[in-house]
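2 protein chains.
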Amino acid sequence: MTNRPRRTLKADTITMAHGSGCKAMRDLIEDLFVGAFDNPDLNPLEDQARFDLAALSAQGGQLAFTTDSYVVDPLFFPGGNIGTLAVNGTVNDLAVSGAIPKYLSCGMIIEEGMAVSELRQIVQSMRQTADAAGVTIVTGDTKVVPKGKGDKLFINTSGIGVIKAGVNISAQRCRPGDKVIVNGFIGDHGAAILNARGDLALDVELKTDCQPLHSLVQAMLEVCPDIHAIRDASRGGVATVVNEFAESSALSIRLLEEALPVRDEVRGVCEILGLDALYFANEGKLVAVVPGEQAEAVLAAMQAHPAGRGSAIIGEVLAGPAGRVLVQTGFGGERILDMLVGEQLPRIC
Amino acid sequence: MTNRPRRTLKADTITMAHGSGCKAMRDLIEDLFVGAFDNPDLNPLEDQARFDLAALSAQGGQLAFTTDSYVVDPLFFPGGNIGTLAVNGTVNDLAVSGAIPKYLSCGMIIEEGMAVSELRQIVQSMRQTADAAGVTIVTGDTKVVPKGKGDKLFINTSGIGVIKAGVNISAQRCRPGDKVIVNGFIGDHGAAILNARGDLALDVELKTDCQPLHSLVQAMLEVCPDIHAIRDASRGGVATVVNEFAESSALSIRLLEEALPVRDEVRGVCEILGLDALYFANEGKLVAVVPGEQAEAVLAAMQAHPAGRGSAIIGEVLAGPAGRVLVQTGFGGERILDMLVGEQLPRIC
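These protein sequence lines map, in sequence, to chains A and B.
With our numbering, you'll find the first sequence wraps up at 360, consecutive numbering, no jumps.
With our numbering, you'll find the second sequence wraps up at 360, consecutive numbering, no jumps.
Keep in mind that the hints are not guaranteed to be accurate.
Any copy will do: because identical chains look the same in the list, a pair fits if it lies in one copy or spans two.
Claimed, not checked - In silico EDC-like links for lysine to aspartate or glutamate, alpha-carbon gap of 20 Å or less:
id	residue 1	residue 2
1	21	129
2	175	52
3	34	349
4	34	287
5	158	84
6	190	237
7	158	123
8	160	123
The set of hints was computed from the structure by calculation and includes no laboratory data.
Start from the sequences, fold in the hints, and give me the full structure.
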């Protein structure tokens with residue numbers, strides 16, 4: 012890179028010129044993104060990041076690769092914003108494969124007229140969140156669409172990570188007798204977004220649970236290298252994940268309603284709206300399926316980790332009908348917990 | 012995967028439910044995406060694709076990683092659609108580093124109300140384009156935003172590829188005496204999109220030049236492993252690329268106007284609008300900077316390749332002022348070719 016001073020952005024709002032590949036776009040990228048994301052692996056002069064493959068191979072046996080777009084509404088909410096979500100969400104999609112997340116890309120689709128100050132705040136959150144998760148944002152792209160053709164900001168992050176040899180986590184590996192574990196209170200993110208939209212007019216503190224999960228997963232793998240399945244319970248919530256496990260493994264899963272960790276405030280939101288916290292999105296919660304005889308040891312390791320203090324065994328895998336998920340209620344009854352057919356909460360992430 | 016029949020999509024238009032993480036979304040993904048993208052590396056039951064790192068290492072020394080979002084308007088245009096662009100665009104961002112593109116991700120942001128038939132056509136184009144480029148789409152994500160909060164469809168593709176040991180292509184490596192080569196007619200894509208918008212009312216055939224460039228780059232590297240710089244001339248056109256080269260290498264570049272390959276039809280569009288084809292976007296054109304003594308050999312290799320038939324030497328690198336680009340006109344004069352300050356053609360890709 013030449014030693015000329017970095018360009019700075021003079022505009023207060025994003026214009027179409029900021030997406031045109033011209034000087035205005037370079038100013039935006041150099042000021043906001045290069046300024047915030049600066050790291051030895053980010054080369055803003057090239058269209059792609061490059062890494063030594065031998066160095067990656069030395070860290071593990073498999074490369075994990077994932078992508079997610081974020082369209083959450085509103086952009087800012089208690090405990091985070093679209094930027095924190097875009098980093099931790101993709102970190103967690105890697106983490107649940109057992110991967111150690113390494114590098115993220117960042118594709119921004121900005122609506123003309125967005126305040127530069129908001130964009131700057133989001134980009135800075137991304138940098139802080141990436142630092143906290145130990146990943147670097149190494150390549151990016153910016154597009155601008157005319158006013159009315161987007162909604163302020165959509166972010167895509169893709170990520171790559173490295174899975175150590177011997178780790179084999181898959182939704183298809185659930186076995187009868189396995190225990191189902193969650194790492195804490197469920198439904199916080201969904202309830203926080205609903206509340207942030209102002210539709211509820213509730214006077215409660217609801218915060219997203221957005222957090223990275225890879226170091227928790229690594230702590231779990233240390234105790235039990237043969238964890239069968241892990242998935243983060245984002246869109247569609249815990250209910251969707253356990254249904255996917257039951258279907259992929261062609262087994263049944265029974266959850267215990269009384270064992271589900273749900274905050275009183277979230278339970279309150281659910282009661283008002285007639286919704287079930289099991290379907291609420293989480294952004295820092297995973298569901299793990301663990302061999303029964305190692306469940307207590309894994310649980311203890313999780314509870315000893317900052318991201319797993321509230322961990323609980325919430326159910327077990329049964330040899331029953333393929334794909335059936337039951338919830339045993341406090342009164343000894345059982346109800347079927349299906350996947351939702353239609354939407355519950357649009358634009359939750 | 013269980014052997015149950017694949018879900019099919021019954022709806023004619025996309026609804027919010029198709030982005031909710033529920034059954035409707037699964038139907039959409041299984042019918043459209045899994046149906047079209049089916050390949051051994053796509054595991055729709057997991058949130059991430061996984062690859063053997065030793066196998067990747069055996070193919071080269073470096074991993075290349077890139078991302079691009081596509082917001083082109085209109086979605087369909089002569090010679091392609093947003094899907095062909097999303098595949099070849101990211102293939103080319105990898106290709107110009109000398110990488111052999113391997114795997115793509117696909118993140119879709121769909122506006123509520125989009126016709127399923129259009130989405131299906133785009134997804135099928137993506138599959139065909141990926142097949143033709145020798146890459147596989149291995150992981151994806153789908154979001155739906157309410158009507159009026161998007162514009163039918165935005166696609167992000169991220170990609171990874173492998174760069175062979177010894178290849179070192181960089182915008183900073185231009186040297187005085189290097190020749191500048193382009194692989195054919197410039198400005199076709201920009202002119203085709205402008206014409207497809209119907210603003211010009213021209214009775215001409217203008218087609219995008221959208222094509223993958225990695226096998227052309229490999230053919231060039233075979234003749235000259237020490238190619239200094241290559242970049243695809245997409246948004247901002249050839250003018251932006253040569254300006255980036257001149258700035259990154261702190262040198263001057265002089266282009267020869269008479270050597271620039273421009274179709275008569277594109278020249279006509281430029282004259283009507285008072286625009287310069289050097290700034291028009293391309294989706295299958297690269298600019299290469301090659302040691303002067305090997306320029307003729309590289310040119311011959313390019314002209315022998317289907318993606319380089321119209322290749323031409325269009326200029327040279329000079330020891331002049333850092334970052335200055337000149338165009339020598341047919342009359343012996345010179346003009347400065349700067350980067351555009353504002354936008355020329357919004358949503359061109």
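Status of the hints after comparison with the structure:
For the homomeric pair residue 21 and residue 129, the shortest alpha-carbon distance inside one copy (14 Å) is at most 20 Å, but the shortest distance between copies (40 Å) is not. Taking the shortest Cα distances, residue 175 and residue 52 sit within 20 Å of each other only across copies (19 Å), while inside one copy they are farther apart (22 Å). For a Cα distance limit of 20 Å, the shortest separation of residue 34 from residue 349 across copies, 9 Å, qualifies, whereas the shortest one inside one copy, 52 Å, does not. Taking CA atoms no more than 20 Å apart as the test, residue 34 paired with residue 287 passes between copies only; the shortest distance there is 17 Å, against 50 Å inside one copy.
With identical chains, the CA atoms of residue 158 and residue 84 are at most 20 Å apart both within one copy (17 Å) and between copies (14 Å). In this homomeric assembly, residue 190 and residue 237 come within 20 Å of each other (Cα to Cα) only inside a single copy, at 13 Å, whereas the closest approach across copies is 57 Å. Taking the shortest alpha-carbon separations for residue 158 and residue 123, both the intra-copy value of 5 Å and the inter-copy value of 17 Å come in at or below 20 Å. Taking CA atoms no more than 20 Å apart as the test, residue 160 paired with residue 123 passes in both settings, with 9 Å inside one copy and 12 Å between copies.
Hint violations for this structure: none, all hints satisfied.
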